[in-house]
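**Q** Here the protein sequences line up with chains A and B, keeping their order.
Residue 68 in our numbering sits at position 68 of the first sequence, with consecutive numbering throughout.
Residue 34 in our numbering sits at position 34 of the second sequence, with consecutive numbering throughout.
It cannot be assumed that every hint is accurate.
[What the hints assert, rightly or not] Pairwise CB distance ranges, derived in the manner of DEER restraints:
(1) Gly16/B x Val78/A: 43 to 53 Å
(2) Lys16/A x Asp56/B: 39 to 49 Å
(3) Ser41/A x Leu11/B: 19 to 29 Å
(4) Asn58/A x Asp56/B: 26 to 36 Å
(5) Gln69/A x Thr13/B: 43 to 53 Å
[Stated by the list, open to error] If you want the footprint, here are the derived chain B segments under chain A, 3+ residues with CB under 8 Å:
(6) 34-42
(7) 103-109
[As the list claims (entries may be wrong)] Away from chain A, derived, C-beta distances all over 10 Å, residues of chain B:
(8) Lys18
(9) Leu19
(10) Met27
(11) Val60
(12) Pro75
(13) Glu79
(14) Ser80
(15) Ser82
(16) Asn84
Derived by calculation from the structure, the hints in this document are not laboratory data.
Just so you know, even glycine gets a beta-carbon here, dropped at the ideal spot from N, CA and C.
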Amino acid sequence: AQKITQTQPGMFVQEKEAVTLDCTYDTSDQSYGLFWYKQPSSGEMIFLIYQGSYDEQNATEGRYSLNFQKARKSANLVISASQLGDSAMYFCAMREGAGSGYSTLTFGKGTMLLVSP
Amino acid sequence: EAQVTQNPRYLITVTGKKLTVTCSQNMNHEYMSWYRQDPGLGLRQIYYSMNVEVTDKGDVPEGYKVSRKEKRNFPLILESPSPNQTSLYFCASSGLGTASNQPQHFGDGTRLSIL
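Only chain B is shown next, with the shape it has when bound in the complex:
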């Protein structure tokens, strides 16, 4: 089954304690992306990757890091989490190419609470 898998689904942690949210896709997609969703703001892009070892900042990259060492994995790293990073996070992937009609496949989301 084609899917994007995020872990963990829920996490409560404390300020300053490094954490990683993993994301893996089994569709051989080149493009992967992280979004955060906050009430009234919709989804905002944090980072994206066009392929292995190619990453770039989205609209709200501050406080986050990513890596793309393998095509299937795109972890999101919070080196020193702060309460304003409490949010619902989504990983998504899609193919690339000349067609713009490829929908992004989303993971089920990770709800992070930073105390």
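Looking at chain A on its own, in the form it has when it is part of the complex:
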């Protein structure tokens, strides 16, 4: 079974609108971390936002926020006021086993976001 599922291969949004990119995860660990990365067409991987499994508040970083619903095992990325520069591939990732020193990230297959003027 996939540990990270991103069901939207592609999303379109108009500039200045908000968009939600979906991510569901599967783990039996109580302690884990969820990450979102952005990959523009130039190819580099840019860290956007982190949510810990014990965090009670949803993470926010500027225009990015993470809608964390633990019971549903979802960690959706919300981008407010989309900009043309937000056009990129977005990856959701999970790190399990925190506390054991284990640090491997498992990635979803990504969602391509296109922002139109």
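Using the hints provided, position chain B relative to the given structure of chain A.
**A** Only chain B this time, still in chain A's reference frame:
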């Protein structure tokens, strides 16, 4: 500046010719990892290392070797490259510890084409 440096950025080579992709980080991170990225498959882990002289297989280790003789370096070795190893490769590093909130820092990627 904190960074992960991969070299080369681009390489076209032929089947069977041994090659090494270097990776170096200047953040004193214990953990380093190699991923490959293929269309529709996301990033898949090849090998990782928890510290010097400690390496382990990821999800797709076949055809690859790694070494971790120094903390800062984690080269990826393809002893006999084949066309199915044509891919975009990323090296990443992070600290370890009880907190799971340390993001992995990625290199800029190495695009390998094996003919």
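**Q** What hints, given by number in increasing order, does this structure fail?
**A** none
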